[in-house]
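Protein sequences appear in the order of chains A, B and C.
Residues in the first sequence are numbered from 0 upward in steps of one, following numbering that gives the first Met the number 0.
Residues in the second sequence are numbered from 0 upward in steps of one, following numbering that gives the first Met the number 0.
Residues in the third sequence are numbered from 0 upward in steps of one, following numbering that gives the first Met the number 0.
Hints listed in this document are in silico derivations from the structure and should not be mistaken for laboratory results.
It is possible that some hints are incorrect.
[Unchecked claim] Partial chain B-side listing against chain A, Cβ under 8 angstroms, derived: (1) T661; (2) Q672; (3) G674; (4) R675; (5) Q677; (6) L680; (7) L681; (8) S684.
By construction, the Cβ of each residue, glycine as well, lies at the ideal position given by its N, Cα and C atoms.
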Amino acid sequence: MIPLTWYLVLAAALFCIGLYGVLARRNAIGLLMGIELMLNAANINLLAFERYVAPNSLVGQAFVVFNITVAAAEAAVGLALIIAIYRSRDTVAVEDIDLLRG
Amino acid sequence: MEGLFNLTWLIPVFPLVAFATIVLYVRRWKNISSYLAVGAIALSFVVSQIVFWMAISTPHLAEAPFHSVIRWMNTGQTLLQMGVMVDPLTAVMLFMVPLVCTMIFVYAIGYMHGDPRYSRFFAYICLFASGMLGLVVADNLLMLFMFWEVMGLCSYLLIGFWFEKPSAMKAGLKAFLTTRVGDAFFLMGLVLLYGQTGSLAFDKVLSPATLQTLANTMLTVPFFGAVPAATVIALLIFGGTVGKSAQFPLHIWLPDAMEGPTPVSALIHAATMVSAGVYLVVRMFPLFHAVPHGSAPEVVTFIGAFTALFASTIAVAQNDIKKVLAYSTISQLGYMVMALGLGAYVAGAFHLITHAFFKALLFMGSGSVIVGAHHEQDMMEMGGLRSRMKITFWTYIVGTLALAGIPPLAGFWSKDEILADAFGHGHILAWAVGSAAAFLTAFYMGRQIFLVFFGKPRSHHAEHAKETPKTMVYPLIVLAFFAALLGFVGVPEDFPVLGHLLGNPFHAFVGEAYAPGHVNWLVMGLSILLASGGLGLGYLLYGRTPLVAGQPDPLARLGPVYKLLKNKYYCDEIYHLIFIRPVTWLGDVMAVVDKNGLDWVVNTVGRSTAAFGTALWRFVDVPIIDGAVNLVGRSGDVFSRLWGWFDNAIIDGAVNAVGAATSWLGRELRSMQTGRVQNYLLIASVNVVVLVLLYMLL
Amino acid sequence: MSLTQIVFIILAGLALLGAVGMVALRNLVHTVLSMVLAFLAVAGVFVLLDAGFLAMVQILIYVGALAILILFAIMLTRDMMDRKAHVNAAQWPLALVVAAALFALLGVLLVGASWPTVTAAISGDQVVALGEALVGPYALPFEAASVLLLAALIGAIVIAREARA
Numbered sequence: 000m001i002p003l004t005w006y007l008v009l010a011a012a013l014f015c016i017g018l019y020g021v022l023a024r025r026n027a028i029g030l031l032m033g034i035e036l037m038l039n040a041a042n043i044n045l046l047a048f049e050r051y052v053a054p055n056s057l058v059g060q061a062f063v064v065f066n067i068t069v070a071a072a073e074a075a076v077g078l079a080l081i082i083a084i085y086r087s088r089d090t091v092a093v094e095d096i097d098l099l100r101g
Numbered sequence: 000m001e002g003l004f005n006l007t008w009l010i011p012v013f014p015l016v017a018f019a020t021i022v023l024y025v026r027r028w029k030n031i032s033s034y035l036a037v038g039a040i041a042l043s044f045v046v047s048q049i050v051f052w053m054a055i056s057t058p059h060l061a062e063a064p065f066h067s068v069i070r071w072m073n074t075g076q077t078l079l080q081m082g083v084m085v086d087p088l089t090a091v092m093l094f095m096v097p098l099v100c101t102m103i104f105v106y107a108i109g110y111m112h113g114d115p116r117y118s119r120f121f122a123y124i125c126l127f128a129s130g131m132l133g134l135v136v137a138d139n140l141l142m143l144f145m146f147w148e149v150m151g152l153c154s155y156l157l158i159g160f161w162f163e164k165p166s167a168m169k170a171g172l173k174a175f176l177t178t179r180v181g182d183a184f185f186l187m188g189l190v191l192l193y194g195q196t197g198s199l200a201f202d203k204v205l206s207p208a209t210l211q212t213l214a215n216t217m218l219t220v221p222f223f224g225a226v227p228a229a230t231v232i233a234l235l236i237f238g239g240t241v242g243k244s245a246q247f248p249l250h251i252w253l254p255d256a257m258e259g260p261t262p263v264s265a266l267i268h269a270a271t272m273v274s275a276g277v278y279l280v281v282r283m284f285p286l287f288h289a290v291p292h293g294s295a296p297e298v299v300t301f302i303g304a305f306t307a308l309f310a311s312t313i314a315v316a317q318n319d320i321k322k323v324l325a326y327s328t329i330s331q332l333g334y335m336v337m338a339l340g341l342g343a344y345v346a347g348a349f350h351l352i353t354h355a356f357f358k359a360l361l362f363m364g365s366g367s368v369i370v371g372a373h374h375e376q377d378m379m380e381m382g383g384l385r386s387r388m389k390i391t392f393w394t395y396i397v398g399t400l401a402l403a404g405i406p407p408l409a410g411f412w413s414k415d416e417i418l419a420d421a422f423g424h425g426h427i428l429a430w431a432v433g434s435a436a437a438f439l440t441a442f443y444m445g446r447q448i449f450l451v452f453f454g455k456p457r458s459h460h461a462e463h464a465k466e467t468p469k470t471m472v473y474p475l476i477v478l479a480f481f482a483a484l485l486g487f488v489g490v491p492e493d494f495p496v497l498g499h500l501l502g503n504p505f506h507a508f509v510g511e512a513y514a515p516g517h518v519n520w521l522v523m524g525l526s527i528l529l530a531s532g533g534l535g536l537g538y539l540l541y542g543r544t545p546l547v548a549g550q551p552d553p554l555a556r557l558g559p560v561y562k563l564l565k566n567k568y569y570c571d572e573i574y575h576l577i578f579i580r581p582v583t584w585l586g587d588v589m590a591v592v593d594k595n596g597l598d599w600v601v602n603t604v605g606r607s608t609a610a611f612g613t614a615l616w617r618f619v620d621v622p623i624i625d626g627a628v629n630l631v632g633r634s635g636d637v638f639s640r641l642w643g644w645f646d647n648a649i650i651d652g653a654v655n656a657v658g659a660a661t662s663w664l665g666r667e668l669r670s671m672q673t674g675r676v677q678n679y680l681l682i683a684s685v686n687v688v689v690l691v692l693l694y695m696l697l
Numbered sequence: 000m001s002l003t004q005i006v007f008i009i010l011a012g013l014a015l016l017g018a019v020g021m022v023a024l025r026n027l028v029h030t031v032l033s034m035v036l037a038f039l040a041v042a043g044v045f046v047l048l049d050a051g052f053l054a055m056v057q058i059l060i061y062v063g064a065l066a067i068l069i070l071f072a073i074m075l076t077r078d079m080m081d082r083k084a085h086v087n088a089a090q091w092p093l094a095l096v097v098a099a100a101l102f103a104l105l106g107v108l109l110v111g112a113s114w115p116t117v118t119a120a121i122s123g124d125q126v127v128a129l130g131e132a133l134v135g136p137y138a139l140p141f142e143a144a145s146v147l148l149l150a151a152l153i154g155a156i157v158i159a160r161e162a163r164a
């Protein structure tokens, strides 16, 4: 049996890499990809816990279904936004999108 | 029904409240002030009438008078009790005083019209009226004295009401000071009485037992030896009457008091204040007669009779219409005082009441004449007013006849009772003096009538005189009614027809304890003769051939006698010489002593103090004190400079540093505001890491 | 070390490789390809976790739809990115530190905690059960998810529409 902690550590690693991608990538699309990675890490976590703590309860799997749904929807909308911003500002670099600058 | 007597408390209160209200609130509105005053006195009048009729219908009121007391300071003694008492004397006074006062108040509305201090006048007479009413209902001598003084104050204020006239100011002061002399004696009498009896309440002091004690106690008086206490007290109290009722020798203020407005003259010098003095004697009558064959009544009779004759002689030679009436008042008061000295209690009281009515009438009539003749007061400048001022004329006639003692008017009955009593008790001298005074009274009143109303006008003012407004004329009519008919309440019982019919209710009510008067036909006949004789003489001299303008008084033919009378026997001048000059001389001497003696002492003290001060300054102040002060100053200067450096360098530095740090911090933090979500996310992640770390560690 | 564990380790390595490539590669198309690799590896991990259906879903959606979508987006925003030299934002050191720190902390936490693990076998047909669950107890979230998809659909169309000329 693969110990639970292996899955958890893997999920944590993927999550942190995804976090790094969110924080460090210049391209907005790259940033979005980091978010998707984080969501995937969460999915692994969910399934791992379901398998090892409450098998047959299907809680984890249902949750993962929704998670994937949400991730897809969010990616779609996010990319639409990026395209729209690209059209109006001619840039996809996140550092150039600073209208909130104080 | 008995409870209605308690209304007596209210009688002096109404005018007092009106006084306070006018002074405090409504002084600005003249109409309100006068209506308030008249309303208040009318209220008092109504309540007095209620009390009066209650009193009349109470049998044996003299023995058991209504007495209501407030004890407001329980010091173990009954000195400071306030109370009201209604006995027959009070009741008849309550009948007369508010009635006359109301008439005079109404009269004053017209007389004082246009005066700039109109409201103040009404305030003063309200205070005065409350004083008189309080005096009448008082149940003890202290309260009586308090109201006595209130009236004295008001008299001063009212006589000097037109204080722009120096003569009015002087007259007010004279009135106040002269009555003060009398009041000093009064107060001494009160103190002595209290010392002897321990009380000042009428029911205690006038009880037969107390009177007996007072009559028997002997006091040692310098000059006179052993004198019964009753006599001493009585005469001291009489001193107050001499002052207040203008008896000789303190009569000098009353003629000068004519400087006041005529309503004041009518109020104070006819109806109320002067009769307060007589009322006092009437009230203390038992005290005066406590000692059998005592000297107190003799003194009283003497002064009364003398004053009566004395004043009437002066009145004969006066030209001012009000002065004649003033001396007439003095004379009539003398009559009353004489009557009381003779023991004619009822007669004295009766004359007091009737005199108030016709004297007030005469004064108001004279005021009407004065106003109608455009403020002309010299009778020599009048004349012929009969046709021009009809109502004034007829009411004045009624007043004159009443004063002169012509039957069946009021004055006849009262005056005759006095003379009859005098004659009947064997005081022939008093009777003779009284009769002489009666003759002169009739004469000078006749003189006045003929000079003022008959003949042809002797001046421009008299020619264009016209009747005065209704508010002034109606009170005259009311008073004339009483002057004419009031006498009938005092008709002696054995007078044919009338006596039986009327039954002398006055005597029955007031003089229950005293023997009723009898008709003495001799005296009565002589009185009528003298009265008509006096009037006839007046007609002879002034009426048959009326004077024309510029013609001198026929009496002037009497030469030096006339001059003496006209100048009032030089009383004022004599007093000035005897009393005032020495006092002012003493004052001058004192001023010299003060200037040379006292001032020298004071100056020397001042100079030495100044020298001491200079020395002190030179030797102590300059070297030592100034040195110390300068040192302190210099060190203060150094210290302040130190502090200044400290303040600049350190404190300002700290403050500036804080400011600089804040702006540096702001600049640094501003860099966080990039507007980029990624940066914000980074910060959020950092925070999460930190939190997790903390969670793990703690 | 059993076979499953070896398989797991391989899959984990591939996933991590793909992930790192996702965040580090300069060329965007390369990043997308690494992302695909990572997602496939994760699907494999799902299989190891006895969630075969979900593995298929993962591949279908993530790899099939999402990656393609991102490719399209990259194509549409292409011109811009060629010019840019840097791939990382200015704050990348700190981000690295943060990520590393977070991983360290999480690792310590996860390994140190005692999980109430249950060893049980999977019974029944997972897919049928999942289907029943989705329309049974989890019907509400299911419906909500569908609404969400609809909204995202409309929203994406609206946002990415060409501006009216």
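Unsatisfied constraints (hint numbers, rising) | 1
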